[in-house]
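**Student:** Chains as they are written, first to last, in full-length UniProt numbering: chain W, 1 to 469; chain P, 1 to 469.
Hints listed in this document are in silico derivations from the structure and should not be mistaken for laboratory results. Note that the structure is a prediction, hence the values are computed from the model and not measured. Treat the hints with care, as some may be off.
Here are the simulated distance ranges between beta carbons [what the hints assert, rightly or not]:
#1 K108/P / E414/W: 52 to 60 Å
#2 E414/W / G225/P: 28 to 36 Å
#3 Q322/W / A238/P: 21 to 29 Å
#4 Y133/W / D395/P: 52 to 60 Å
#5 D136/P / E414/W: 32 to 40 Å
#6 S61/P / R70/W: 47 to 55 Å
#7 Q322/W / N333/P: 52 to 60 Å
#8 D21/W / A364/P: 30 to 38 Å
#9 R453/P / E14/W: 27 to 35 Å
#10 D458/P / N183/W: 32 to 40 Å
With a Cα cut of at most 35 Å, we get these calculated DSBU-like pairs of lysine-lysine [claimed, not checked]:
#11 K108/W / K222/W
#12 K241/W / K329/P
#13 K241/W / K241/P
#14 K229/W / K329/W
#15 K4/P / K108/P
#16 K66/P / K222/W
#17 K241/P / K108/W
#18 K76/P / K329/P
#19 K404/P / K241/P
#20 K329/W / K329/P
#21 K4/P / K229/W
#22 K108/P / K229/P
#23 K329/P / K222/W
#24 K66/W / K108/W
#25 K229/W / K108/P
#26 K108/W / K241/W
#27 K329/P / K108/P
#28 K108/P / K241/W
#29 K397/P / K222/W
#30 K404/P / K229/W
#31 K222/W / K241/P
#32 K4/W / K108/W
#33 K397/P / K108/P
Backbone N, C-alpha and C fix where the C-beta goes; we use that ideal spot for every residue, glycine too.
Protein chains: 2
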Amino acid sequence: MSRKDVVAGIRNEEGISTVLDLLKQSFGERFQTGQSFREQHAHTTTYLPAQLPDGVVFVESAEDVKTVVRTCAQHKVPMVPFGVGSSLEGQVNAAHGGISIDFTRMDKVLEVNAEDLDCTVQPGVTREALNTYLRDTGLFFPIDPGANASIGGMASTRASGTNAVRYGTMKDNVMALTVVTANGEEIRTAHRARKSSAGYDLTRLFVGAEGTLGVITSITLKLQGIPEKIGGGVCAFADVKSACDAVIMTIQMGIPVARIELLDAMQVRACNAYSNLSLPERPTLFLEFHGTEQTVALQAQQFAAIAEEYGAEDLRFTSDPQERAQLWKARHNAYWAGRALAPELAGLSTDVCVPISKLAECVAETQADIAETGLLAPIVGHVGDGNFHLLILFDDKDAENVDKVEAFMARLNERALAMDGTCTGEHGVGQGKMSYLEAELGGALDVMRQVKRGLDPDNLFNPGKIFRL
Amino acid sequence: MSRKDVVAGIRNEEGISTVLDLLKQSFGERFQTGQSFREQHAHTTTYLPAQLPDGVVFVESAEDVKTVVRTCAQHKVPMVPFGVGSSLEGQVNAAHGGISIDFTRMDKVLEVNAEDLDCTVQPGVTREALNTYLRDTGLFFPIDPGANASIGGMASTRASGTNAVRYGTMKDNVMALTVVTANGEEIRTAHRARKSSAGYDLTRLFVGAEGTLGVITSITLKLQGIPEKIGGGVCAFADVKSACDAVIMTIQMGIPVARIELLDAMQVRACNAYSNLSLPERPTLFLEFHGTEQTVALQAQQFAAIAEEYGAEDLRFTSDPQERAQLWKARHNAYWAGRALAPELAGLSTDVCVPISKLAECVAETQADIAETGLLAPIVGHVGDGNFHLLILFDDKDAENVDKVEAFMARLNERALAMDGTCTGEHGVGQGKMSYLEAELGGALDVMRQVKRGLDPDNLFNPGKIFRL
């Protein structure tokens, strides 16, 4: 992440001014240009500077979205879709000014097909609201990125989280989309068949496009049966390598863990302090198993044998829901526990992802770098996927500190790329990771630009993100 | 499928003539223009008429591919990638003439990362060759479309097959590609991290693009551990509805079946005759379970309870490899058994896919249509995904018969689309399904065209496939 990637694009002042008038006429009170609305829609949840939109429109239907897109397209004014604003790399910044399209009022579950294990929702539905809605059906939507993000935002950043190791990411769980494209028409990328070879995979083209290719108006999702039984486990290891080796073995043996999370020693210390726990302050794995009574017990038993082989201590396991919540408390509160290590400092959350065989090496080298650089940066990892996060605590008002952190992040990304990894496992590129993406994919960015120019020739959909045109 | 979709495009005679000379100079004996080579590279495995390329180049490296692409691009001559020629919808036809790029000599496994459960292969590696190569590693590549297809071809048609219900399709199992694009440069779409949010999902854009956006030069695949134990099962049902209902329940309960295949009564009759078996001539499910001794037994037990609920008879189950091969014999020989019903007739294999809740209805209506139309068309289904195939046996020399079959196929596709399904679960669009794709996705085809024009402005990569520009 780097502040220098937050560049202000050229503003089409005349077009913007015209569009502000037109949207006010069309949407009345549902269009707002007040400072507080504009600020709220550009908060980047990071130290990246905010770039405010010129107005915020609260859409209530696909027809509204079409109206906005047509109006903006006609006057060449940029549009930035907005869910709940929990993205982490400046995705909602209005780099060229323009209109923020707020989806909080498009929050309906449109259809649940329980027999087919799917549902269709509007983009503003949050994952928690969806799961509340689904509760009586015996089904749930598994993707859990931590924040109570909107489904539209999760699709747009190709989000994943703790249980991607079992259920995949948004790429695997979005079956179809409707999208308003540059000409103001709504297209459907696919229907509800479980698989299809019918033409280009537009679904997965829009998933992860961060709103740069069109505006998503509905999402059809795969659902899962709520497991009959959920087991939880926690165990500490002597060092990160042993913990990671236990993870690799678990994955290789095909044990279908639902979650397998690593907290490093610094993070465990933070959690002990924050949640008044007394976990051993060593690298610790948190596990969750989904299945029947029998299969959960079997998975736990298989994992225990592996953990023991790698010298795990204090392995605790439970299938009692309350005890499990207690065991997992440290993990659930990890973010706030991390922040509480230094509440006066800013917190910057960043992620990389490497092949799991490289995970121990990548985490260990990163810890050494943290120590050498003198940073406060606990590590939490979705280690079953080779994905880990750092919460870097630092004084973002101090330029020297910012430089130090940015140099550290550059090294972190170089390290992950050198190990055949990626600069972002789940946060997306936004503005913060543009330069690393260039290093990661080089010439492929030209192909991305060709796609972008083909679908959005006037560069109006969330411009200034992912790559420079 | 319709013969009328096989349209001859405009040929660039001057460019073709120049390129024939240039490729002869560059590739010598590795470039062939003889009739038999040309015919062999346009066989469509269906009744669709062949459209021969003007020459066939046997590439041996990505450098060779770059040379071919640059030469053809300079003189605006089309290119058609060719694996083993097992595609079913005219994908290898050279609709505008041009050069067939044969990958049979790019058949190396480049890298196996056993710890990370991945490998990288050249496009000409066949799935059987890959699994033979992997045998000693304890890993396997699960996708099994029936034919011993090339991995490049499987990626390009987004292939799947019998065990997609457990392991997914090519979309889920290709991690990264290298591709030579229109400018003759090779790009890498991703690296080896298990997940990534790093920009547009170019991997899945090229998977299923049927060679229309660039030429794949290597494929990085996910691998699976060879199951400790494999169980097989067979059981017959009174009718298609009961069999499908048993499938729906199995999927809803989350039983991780590795394969769950339906043969309809006509297909079972064909198999009995062909393989000298005595299966009850009723709709029959063939199952496979992967896991440990314990989990396979558990899955079989769970399935048995469901099957019984839906009135299954003669449920047979085994975990002995030889007995399993015997049980599955009917399914393995289904295609040839079908052909043997009328060896003098042509066999046309077609597929559709619907949400599983609609499967029984779709199969039953299709059977009624077959009977009313007076066709010989046994049905085999990858029913866990809602995907089924018909092998239509007919006299393709008789115009009236062809019209009758084409009208039947139009109704089949309309039926699947009306049920929120797709015109192709796994064969792809090629030429044969173009008109159905139009009906299925409408305006989304304009977005596909924008992508195509962006990446291949001169329409040189496998032109005349998927959609008309």
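**Student:** Are the hints correct? Go through all of them and say.
**Tutor:** Taking the hints in turn, this is what the structure says about them:
Between K108/P and E414/W the CB atoms are about 30 Å apart, so this pair departs from the stated range of 52 to 60 Å. The supplied range of 28 to 36 Å is met by E414/W and G225/P, whose beta-carbon atoms lie about 32 Å from each other. The given range of 21 to 29 Å is broken by Q322/W and A238/P, whose C-beta atoms sit roughly 47 Å from each other. Here the CB-CB span from Y133/W to D395/P is close to 55 Å, well matched to the stated 52 to 60 Å.
Take D136/P and E414/W: their Cβ atoms lie about 35 Å apart, and the range 32 to 40 Å holds. For S61/P paired with R70/W, a C-beta distance near 49 Å keeps the hint of 47 to 55 Å intact. Q322/W and N333/P have their C-beta atoms about 55 Å apart, which keeps the hinted 52 to 60 Å range intact. Roughly 58 Å separates the CB atoms of D21/W and A364/P, a value that falls outside the hinted 30 to 38 Å.
With their beta carbons about 30 Å apart, R453/P and E14/W fall inside the hinted range of 27 to 35 Å. Between D458/P and N183/W the CB atoms are about 24 Å apart, so this pair departs from the stated range of 32 to 40 Å. For a cut-off of 35 Å, the pair hint linking K108/W to K222/W stands: about 17 Å separates their Cα positions. For the hint linking K241/W to K329/P, the alpha-carbon distance of about 47 Å lies beyond 35 Å, and the restraint is violated.
Straight-line distance between C-alpha atoms of K241/W and K241/P comes to about 53 Å, which puts the hinted pair past the 35 Å bound. With a C-alpha separation of about 19 Å, the suggested pair K229/W and K329/W falls inside the 35 Å cut-off, and the hint holds. Among the hinted pairs, K4/P with K108/P is inconsistent with the structure: their alpha-carbon atoms are about 38 Å apart, more than 35 Å. Taking the CA atoms of K66/P and K222/W, the gap is about 40 Å. The hint is violated against a cut of 35 Å.
Taking the CA atoms of K241/P and K108/W, the gap is about 33 Å. The hint holds against a cut of 35 Å. With a CA separation close to 49 Å, the supplied pair K76/P and K329/P exceeds the 35 Å bound. For the hint linking K404/P to K241/P, the alpha-carbon distance of about 27 Å falls within 35 Å, and the restraint holds. As the CA atoms of K329/W and K329/P are separated by approximately 52 Å, the hinted pair breaks the 35 Å bound.
Of the supplied pair hints, the one linking K4/P and K229/W is violated, its CA atoms being roughly 55 Å apart against a limit of 35 Å. For the suggested pair K108/P and K229/P, the alpha carbons sit about 29 Å apart, so the restraint of at most 35 Å is met. Our distance criterion of 35 Å between C-alpha atoms is met by K329/P and K222/W, whose separation comes to about 33 Å. With a C-alpha separation of about 18 Å, the suggested pair K66/W and K108/W falls inside the 35 Å cut-off, and the hint holds.
Annotation: proposed proximity of K229/W to K108/P is violated, straight-line Cα distance about 45 Å (limit 35 Å). Only pairs whose Cα atoms come within 35 Å are accepted, and K108/W paired with K241/W is rejected, the gap being roughly 45 Å. With a C-alpha separation of about 31 Å, the suggested pair K329/P and K108/P falls inside the 35 Å cut-off, and the hint holds. Pair hint K108/P plus K241/W holds up; C-alpha atoms about 33 Å apart against a cutoff of 35 Å.
With a C-alpha separation of about 45 Å, the suggested pairing of K397/P with K222/W is violated against the 35 Å cut-off. Only pairs whose Cα atoms come within 35 Å are accepted, and K404/P paired with K229/W is rejected, the gap being roughly 53 Å. Proposed proximity of K222/W and K241/P is supported: the alpha carbons are some 24 Å apart, at most 35 Å. Restraint check for K4/W and K108/W: not satisfied, since their Cα atoms lie roughly 38 Å apart, outside the 35 Å limit.
Using a Cα cut-off of 35 Å, the hinted pair K397/P and K108/P is violated, with the two alpha carbons roughly 41 Å apart.
In this structure, the earlier hints numbered 1, 3, 8, 10, 12, 13, 15, 16, 18, 20, 21, 25, 26, 29, 30, 32 and 33 are contradicted, and the remaining ones agree with it.
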